[in-house]
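*Asks:* Sequence:
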Amino acid sequence: MRQELLSQMITLSTSGFGLVAALAWNDAIKGFVEQYIQPYFPNSVIWYRFIYAILITIFAVLITYNLSKISAKLGTDSE
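Numbered as in my numbering, the sequence shown ends at 79 without a single skipped number.
The set of hints was computed from the structure by calculation and includes no laboratory data.
For every residue, glycine included, the Cβ atom is placed at its ideal position computed from N, Cα and C.
Be careful, since some hints might not be right.
[Stated by the list, open to error] Ranges between beta-carbon positions, derived for each pair:
no., residue 1, residue 2, range
1, V61, T14, 14 to 22 Å
2, E4, T57, 19 to 27 Å
3, R2, G31, 41 to 49 Å
4, F17, L55, 42 to 50 Å
5, A53, G16, 30 to 38 Å
6, S68, W25, 13 to 21 Å
7, S44, L23, 40 to 48 Å
8, K73, F50, 21 to 29 Å
9, S7, W47, 42 to 50 Å
10, Q3, A72, 25 to 33 Å
11, F59, G16, 34 to 42 Å
12, I29, R2, 39 to 47 Å
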């Protein structure tokens, strides 16, 4: 029971730090888009938001893909 509780606390802590990191990246990418891309679309907020959403999606896919490759590699190495 104690080890399961410790494992759950580690999982929750890791998830919390992951959320904080995701929010930091969200702000960083949003700032980049506002500073370097939004000036090209000054009268259209919707295009700016679509570009922002596309960049976030690409970033999330790349990170998820790389993490799954690392996880698979670690899984095959431990067998």
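*Asks:* Which of the numbered hints above does this structure break?
*Replies:* Those not satisfied are hints 2, 4, 5, 7, 8, 11.
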